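Participant: Sequence:
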Amino acid sequence: MERLTALHIMVFLIRSVFSPVEVRFNEHSVSRSALLMLGAMKKAGCAGGFVPAGLVLNLTDDKGYALDYQRADDLAAAVGLFCGSRMGEEPEWMKKMTASYLSSFLDQRVTFVTMVRKRMGGVAGHTHEIYPANHFANYILKGYYGDQGLMLKQFFPVTSFLRLSLKPLRLLMRGLLAGWRGHHVFGSLRRGEEENSLWIEYEPQHGVWKDFRGFLSARNAAYPVVYYLDRTDTPVTPETTSNLERIGFKWIDLHGFRNSCLTPRDAAGILRDLLGSARFSEPFWLTLFRLDFVVTKRLYLDLFRAFSVKALIQHQEVSWMQEAQAQALAEAGGAMLGLHWSNYLNYVYPTHLTPQNVFFVWGEAHRDLLQRKGNTIDHILPSGLWVKEGAHTAPPIDLSAQVAFRISVFDDSAAYDLYQSPETVSRFYTGIVEILEEDPGLGAVIKSKTYEMDDLAAFPGGGDVVRRMRALVAGKRMVFLDHREYSPIAAAKRSDLAVCCGVNSAGIIAGLHGCRVVCWDCTGWLKFPIYRDKEQKVIYGSVDDMKAAIKLSARGDDSVGDLSRWRKRINYFDDSDGQDRICSFIDSFMGALEKGGDRESSIGHAVAEYRAKYGVPGDFCTTGTWWN
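Residue numbers are given in the numbering used here: position 73 of the sequence shown equals residue 1387, and the series is strictly consecutive.
No lab work stands behind these hints: they were computed from the structure. Be aware that one or more of the hints could be misleading.
What the hints assert, rightly or not - Taking lysine-lysine pairs in the DSSO-like style, the calculated list, with each CA pair at most 27 Å apart, reads:
1) Lys1687 x Lys1807
2) Lys1841 x Lys1851
3) Lys1909 x Lys1882
4) Lys1377 x Lys1763
5) Lys1807 x Lys1861
6) Lys1524 x Lys1763
7) Lys1807 x Lys1882
8) Lys1481 x Lys1432
9) Lys1456 x Lys1432
10) Lys1524 x Lys1481
11) Lys1861 x Lys1851
12) Lys1763 x Lys1927
13) Lys1467 x Lys1456
14) Lys1841 x Lys1882
15) Lys1807 x Lys1851
16) Lys1524 x Lys1807
17) Lys1861 x Lys1841
18) Lys1524 x Lys1702
19) Lys1702 x Lys1456
20) Lys1377 x Lys1851
21) Lys1524 x Lys1861
22) Lys1377 x Lys1357
23) Lys1481 x Lys1456
24) Lys1865 x Lys1807
25) Lys1377 x Lys1702
26) Lys1432 x Lys1377
27) Lys1807 x Lys1702
28) Lys1564 x Lys1687
29) Lys1841 x Lys1432
30) Lys1763 x Lys1807
31) Lys1524 x Lys1564
Unchecked claim - Restraint-style ranges between C-beta atoms, simulated for each label pair:
32) Gln1850 x Ala1391: 43 to 51 Å
33) Gln1630 x Ser1474: 14 to 22 Å
34) Met1465 x Ala1391: 12 to 20 Å
35) Leu1589 x Gln1850: 56 to 64 Å
36) Gly1460 x Asp1796: 48 to 56 Å
37) Lys1377 x Ser1656: 23 to 31 Å
38) Pro1518 x Pro1405: 28 to 36 Å
39) Arg1504 x Ser1556: 12 to 20 Å
40) Asp1796 x Ala1862: 29 to 37 Å
Quantities reported herein were computed from a predicted structural model and do not represent experimental measurements. C-beta atoms are modelled at their ideal positions from N, C-alpha and C, and glycine is treated no differently.
The whole structure should be built from the sequences, with the hints applied where relevant.
Facilitator: Following this line, the structure appears as structure tokens:
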């Protein structure tokens, strides 16, 4: 059971009267009522038929490959089978958007099945029924896994179907009501402004986008730069809006499309679009999804026209709504831009939608990934790395005079259903603590992705790890940097070697900045291209091997952590000036529009000027050999 509720417990208790049943449930997803029932049953001594499943994704298959490969392959195959068989005559953008939409909720269910299959290997001689969390689209997985001999079942998925049905109607009514009441704007803009603008999705204060904001703020562009807030983790607060205004940006609140207005003519257009695209042979949920799409597109179109949006950058790469944004922006005469900002470990990502007009990649490696994954991008251009150290002050690093060799330490997000688990993060930090305790000449600068030191106490064995860390901090052998304030590059450049839990973005970016880096591959990413080089000294398969590499580096072995052989494959220009190149493209495009050019000619002009200015050939990536 992926999600255990009181109803499930009652059903299986009744079934157990007629035949033996053991329910292994996901202990991370249990309703409050189910917890109360299980507690009462345990006191009564009759809860033996309900057992926590103890599922985890951070495992490998029989050949040592990450279990996450199987998860991604199954997800891509299942949604691809549906889109190929039921949407064969649809345009490519519609198939890819639907695959992204399906993946947004089937991904977690496929993850659950992947973990269950691994666990089933040790429970032979039984009939297994797998119950993913209820959803109307689970029948797609039921058919796909049924062909592999797995039995998937579910109870009535009423809630998900109602949610799908009501969402576009709610958005339509809100838009019509806003149009009837008037055009009050929640933000620092006015409807009907004629000045062409660049809109950027606002992300939380920490991360690579904070540095990009600082860069844009110092440029004094010839066009307004507007940040739109629409994420659950970016509420509109006086602190946020006043800071944006202080550094020179305008802003607008788009939570729930509150600034979008629709007219009765828009409603008629939505109905016309829906009737023109729907198919009698398709599942009813797909027709409802089409309605969601056309309503969302109209809401964005109103925004982009009313506020003269001509270029847009957003970061929610797994959202199907990107397609609605892209098409609405095209109708409004603008262009949607994409920025590659992270290291990727697997190219089977049906969740990741790429509908941009122009997409900027670091280099050939990511271009190869996009080509293998499939995309509907018009132009893919190399920008080089655009993630910089940032304009922050140097981090305070006060280590003992005994420390002769510094390591910077980068972790990653962890959960039972991610490719990196709490157990692996705990083992990683245990290894870091051990090597520092063994050698008084070593010091560590910890730049976590999201954790404070005390947060690590919640991990398996974390209490002991934190206790030993405090002793190292007290002895000036370890420093924890504020993960919200400082970039990993700032830490890596002030150390002799970067050490990573997993093959994570922080480490790869540090390596692209010329720092030496070693990674403990705690997942089994054996298809990652660097593994093809048998002489590589960047990725290690065990904590002990990682510790041995740190010791070799501390003794002067400069070959350890050397990423230089792959830097130009990953980072086309082998520098970190990507921000300048990206902004020069935007300047060129916006300038062409200002001179009276239409959308298509302005994009073409900006692309041609960019290629000539930076010496980019028509197809800068011809080998297609980065990924296996």
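Participant: Against the structure shown, which of the earlier numbered hints fail to hold, in ascending order?
Facilitator: When the structure is compared with the hints, numbers 1, 3, 4, 8, 10, 12, 19, 21, 22, 25, 28 and 32 turn out to be violated.
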